[in-house]
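Start from chain P and add chain V according to the hints.
The primary structure of each chain is shown beneath.
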Amino acid sequence: MPSPSPGNAFNDLNGVRVVSASDAWAVGDYANGGTSKKTLILHWDGAAWKQVISPSPGGSGNDNYLFAAAATSAHDVWAVGEIVTSTGIRTLILRWNGSKWARVASPDPGGPAKDNRLNAVAVTSTSGAWAVGSYENGTGQRNIVLHWDGRRWVHVATPGLGTSNGLSGVAATSASTVWAVGFFGTTVPLQALALHCC
Amino acid sequence: MRVRWLAGRSFTAVTGLLLAAGAFAAPGQPAASAARCQAWTGAQPASPGTLDNALNSVAVLSPCDVWAAGFDVSSGGGFQTLIEHWNGFSWAQVDSPDPGSGNKLPQQRPRLLPVQRLGSRLLQRRNQQQDPDRALERHHLEDGAEP
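The listed protein sequences derive, respectively, from chains P and V. Quick note on our numbering: the first sequence kicks off at 140 and runs consecutively. Quick note on our numbering: the second sequence kicks off at 1372 and runs consecutively.
Coverage of chain P stretches by chain V, computed from C-beta distances (three or more under 8 Å per stretch; other residues unrestricted):
(1) 308-320
(2) 327-336
Taking CB as the label site, the calculated pair distances span:
(3) G1447(V) - G172(P): 39 to 45 Å
(4) V1465(V) - A160(P): 29 to 35 Å
(5) S313(P) - H1456(V): 18 to 24 Å
Simulated from the structure, these hints should not be mistaken for laboratory data. All residues carry an ideal CB built from backbone N, CA and C; glycine is no exception.
Bound-form chain P, shown alone (with noise of 0.2 Å):
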């Protein structure tokens, strides 16, 4: 199925999640040569792959990426991913109102001159959803979990095993059935570790 590829030095789609069967997105980044990446953001609508103008906050010399998407109806799709800058990475979550994307501030937990990272997010429904990641603390890199109360995003703490930990992936099927995955330990070998939630 063909598909838009907006920048013509890169083109990428990292997530993607299906509303109904004329109703998905999928979520990346592009460029054109020189300049820095742009969020990517396409649509199905039944019949094609469509782009869909959608925010990169991070401004000139800074590149921006969306990693996964969730939604709980055609009106509430959320997008998560970064903002690279020379100083640092921060956290970008974007939400689909039904008739545009806008971003939503979230919090950097490491603080704006540390590495904080967004790689997936769930949603439970418009006041309950989640995002997981991973933040330098200046020793190693910690989990990160940000709740979606229908108002902020918040930062929450999590279980601290190991020296270093982080988060890949997470999914829910309720407000009190949320799973996230990823790594933790001190030393070699890291772990595989698995948190829920609530």
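For chain V alone, kept in the frame of chain P given last:
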């Protein structure tokens, strides 16, 4: 909303009590209550790799039917697929194919693993594109050192 993330191994005793009380739902039943959810905690998933283990993605079908996928690495071997299943009581590794061949790792590879922790090929590739300091890792990848 009170949020509490749990990493299973500290709650074995609680799990046992709730198991005795019949707190677990059978596979396919609706989502459990928050109290039952806390009882899901069992041991952490198996980590068969002697050098590295990570889970990259998870899918929840019900409180008693959860799948997680990732990789493990052992000395003298390559990256192996790793699939684990949560049955409501515990995680169990499920056999999975490793279709790639010739994926033996170079001797120096293990010491690089902690640098690029998140494990998925996507993230590795992204990091290598973004960070010139990780050129050595890219070198290994381009040498065909990985599947």
